[in-house]
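**Student:** Here's the letter readout for the chains.
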Amino acid sequence: MARRHHALSRHLTLAALALLPVAVLSVFFVLPVSGMIARGFWPEGSFDPGGVLDVLRRPRVHRVLWFTVWSSASATALAVLLGVPTAYVLHRLRIPGRSVVRAALLVPFVLPTVVVGVAFRELFGESGPLAFLGLEGTALGIIAALVFFNVAVVVRAVGAAWESLDRRPGEAAAALGASPWQVWWTVTLPALRPALVSAASVVFLFCATAFGVVLTMGGLRYATVETEIYLLTTQLLDLQAAAALSVLQLVVVVGLLLVAARTRATPSGGTARVTAPAQRVRVRDLPALSVASFTLLLVGLPIGTLVAGSLTVDGSWSLDNFRKLTTKGDNDALLVPVTDALGTSLRTAFDATWISLTLGLLVAVVVTRRSRSRAERRVRGLLDGFFMLPLGVSAVTLGFGFLITLDRPPLELRDSPMLVPIAQALVALPLVVRTIVPVLAGIDDRQRQAAASLGASPLRAVLTVDVPAVWKPLLAASGFAFAASLGEFGATSFLVREQEPTVPVVIFRLLGHPGADNYGMALAASVVLAATTAIVMLAVERLRVPTIGAV
Amino acid sequence: MAELKQAAALSVRGLTVAYDGQDAVDDVSLDLPAGEVLAVLGPSGCGKSTLLRAIAGLEEPESGSILFDGADLVGVPTHRRGFALMFQDGQLFGHQSVAENVGYPLRLRRTPRTEVRARVAELLELVGLPDHADRRPDTLSGGERQRVALARALAVSPRLLLLDEPLSALDKTLRERLAAELRDILATAGTTALLVTHDHDEAFTVAGRMALMRAGRIVQEGPIEEVWAQPADPDAARFLGYARVLDGAAADRVLTTAGLPTGAAVALRRSALTVSDDGPLAGIVVASRVTPEQLRLEVDVPDLGVLDAVAPLGTHTAGAGEQVRLNVDRTRLAAIPVD
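Just so you know, the protein sequences line up as chains A and B, in that order. Numbering-wise (my numbering), the first sequence opens with residue 48 and increments by one. Numbering-wise (my numbering), the second sequence opens with residue 10 and increments by one.
Keep in mind that the hints were calculated from the coordinates and are not lab data. Just so we're clear, the structure is a prediction, and the values are computed from it rather than from any experiment. Treat the hints with caution; some may be incorrect.
So the derived list for chain B, only partly shown, Cβ under 7 Å to chain A, looks like this [what the hints assert, rightly or not]:
#1 87
#2 96
#3 100
#4 121
#5 138
Glycine included, C-beta positions come from ideal geometry on N, C-alpha and C.
Could you build the full structure based on these sequences and the hints that come with them?
**Tutor:** Dropping the structure here:
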């Protein structure tokens with residue numbers, strides 16, 4: 048009796064912890080997404096899968112799919128080719144100021160997508176420094192922007208793995224007569240493969256679901272599945288086609304997430320993380336150094352051009368673009384001044400942060416507790432995967448799903464000010480979970496057992512063992528969630544209330560209105576947003592949490 | 010002189026614990042009198058750690074009971090059992106200093122600060138690390154870490170100390186020295202302790218009682234000399250460090266030579282056969298090796314097969330192929346009853 052009761056109360060505690068995140072994700076994620084999908088399969092209230100299949104036969108859909116796949120694949124390949132040598136230089140070589148460079152590299156990853164689009168337009172556009180390349184509005188331009196975005200993911204994931212790599216197998220191989228190149232090929236690369244595959248699959252995912260970049264750079268000529276869903280829902284009102292593409296995307300994403308989960312590097316056990324000391328730069332590092340320089344150029348140039356553009360009015364330096372941020376733009380392009388939008392953005396990001404942090408922490412605790420049976424382990428695995436879903440589902444699908452499912456009682460939330468923060472929190476949730484889970488999972492459960500055997504209550508054991516390990520990653524995760532939410536555009540563009548736009552929405556609107564002043568204001572607003580994000584990320588980098596960004 | 014029959018402090022009855030759907034501990038019963046140290050000895054995977062964890066309250070038993078001083082512990086959470094558990098690798102808290110680690114259980118019990126400080130100093134003295142109070146765990150050697158873990162486990166004088174392979178992670182010399190120290194420290198503190206190990210030397214040095222465990226069951230239990238002198242079966246004998254086990258006609262011949270009744274299997278220690286010119290057994294040396302104490306031989310005895318034997322250093326230079334005679338030392342073999 049007592050025994051049953053004991054096991055039951057343990058399960059009840061965990062179920063209670065899981066209840067809130069599961070409920071939130073069900074109402075604000077599963078419901079909207081399935082509502083959106085249902086519109087496609089039940090167009091007139093009756094089941095009609097044929098229509099969905101018809102959509103998949105359209106030549107334009109084929110073109111969109113093909114473009115999505117090949118642009119994402121090439122961007123991923125490029126990000127890996129640039130990222131691995133850069134990871135080596137920034138994580139294994141003794142380079143002055145490398146921690147600052149590492150932090151700077153992280154900025155593009157959290158930069159608002161719209162800002163990146165603007166930056167690349169500046170770079171490749173008529174008066175841009177790289178205009179001669181003729182890349183404006185080309186597929187290559189979009190791929191460059193996608194690489195700009197994601198190279199940091201590869202650098203961080205591979206760099207962290209490289210730092211904690213046991214050097215002895217490589218030394219053993221060298222002692223057996225392997226050349227440096229053979230050591231790399233036969234020992235180092237296989238050891239890095241889990242981190243590499245995991246990073247590549249995540250980058251592919253980000254590229255394939257990229258929205259703001261493609262929308263601002265590709266226009267109508269180059270559409271990916273994500274922008275096509277946007278186009279179909281907002282412009283053409285062809286919900287059936289949009290639903291078909293959403294389902295397709297969901298299937299591909301779930302498959303990719305499974306691959307990523309399989310190959311995810313297992314965190315090395317807690318306290319004993321070895322970090323190999325950095326090496327002196329040698330002549331044979333020259334190729335890696337030049338690739339790393341190119342990566343830095345790729346990351347630095349668009350940002351530099353953006354900043355320069357924002358400081359230029361009619362060909363001369365001026366702060367006018369920034370001064371105009373207190374106005375509503377030429378011909379009242381906006382309903383509120385940009386400065387108001389910045390306030391809204393910060394408030395929204397703050398709310399999104401605490402929501403995603405609360406949910407993420409609960410999820411992380413539930414999925415990392417030691418399972419006592421196989422069934423329990425499976426349930427935890429499923430939960431873990433469940434909360435990764437927002438990572439891959441089109442933010443556009445999510446945003447539009449909100450609109451069509453949460454608009455009537457009992458869930459009439461259409462005008463709730465919490466709608467945008469909740470949507471942003473869901474988008475940031477996987478990042479939060481992925482940052483905290485490895486830390487909690489890396490704590491040897493025997494630490495808690497040792498505390499318990501010495502007389503510590505479960506709560507006290509958590510305070511002794513978990514809290515000291517997790518508070519820094521938690522702080523880093525909140526910075527990450529804050530930055531992600533500041534830049535979120537896909538879902539926000541649907542849900543935002545007319546009178547309370549966020550900065551990315553305002554930038555997009557300014558770009559859509561003619562007038563040099565409006566364009567200059569868009570640049571200035573982009574710089575402000577990028578600077579805010581960069582400051583948050585620099586603070587995060589100072590915390591030195593290794594797993595950040597390694598999804 | 011009257012032998013006081015002590016009541017068992019820890020008493021395990023019919024305990025079965027499943028781990029991943031299989032019975033890791035299968036119907037185990039054992040008793041541990043207060044103030045004694047019991048070693049549960051068994052190969053890896055025999056369920057000894059699961060048994061320890063169940064006693065600590067970290068695994069839920071399928072059936073059976075765990076009693077301490079007569080009270081059933083099933084359902085009592087780990088932190089209310091008043092035990093202390095020491096792991097193979099110590100599991101010190103990395104963010105706390107040595108003194109903070111040792112004082113941790115005292116702070117949990119809201120001991121006044123001056124008292125904590127005095128007790129911590131006393132404990133660090135006991136484990137031989139009086140100057141290490143302010144060190145961080147990651148600056149300690151493996152042996153030092155285990156000493157700190159021991160001090161932490163002893164801090165509040167637990168009514169039962171559970172030790173999970175406490176010395177296995179250390180190298181041989183250190184292990185032997187620490188085992189002897191551990192015995193003295195436990196004896197000084199009068200601690201009732203249960204030690205789980207796969208190393209019979211460690212068990213002999215630290216414990217007074219021994220339980221042999223195999224495939225989830227206790228095969229033999231008793232005072233250490235008894236278990237040692239009378240292994241329950243051939244496998245037990247091998248695990249206890251006997252070099253060879255003979256049965257049938259070969260066993261009878263050895264037992265007859267030793268002047269013991271026949272009809273049993275016999276377990277031989279390496280030193281059960283010694284080279285002696287008037288020995289009753291004759292054989293041919295197959296291999297020989299010099300060790301610091303003695304000359305170790307492998308001798309092929311007709312009808313018995315290859316057996317281990319020893320000779321004092323310097324008396325013989327028996328090389329391979331040489332004929333030798335062997336004496337049987339009856340104090341260095343054990344007859345194992347066959348059923």
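**Student:** All hints, please: hold or fail.
**Tutor:** Now the hints, each set against the structure:
no. : hint : in the structure
1   : 87   : holds (4 Å)
2   : 96   : holds (5 Å)
3   : 100  : holds (4 Å)
4   : 121  : violated (17 Å)
5   : 138  : violated (18 Å)
Consistency with the previously given hints fails for numbers 4, 5, ordered from lowest to highest.
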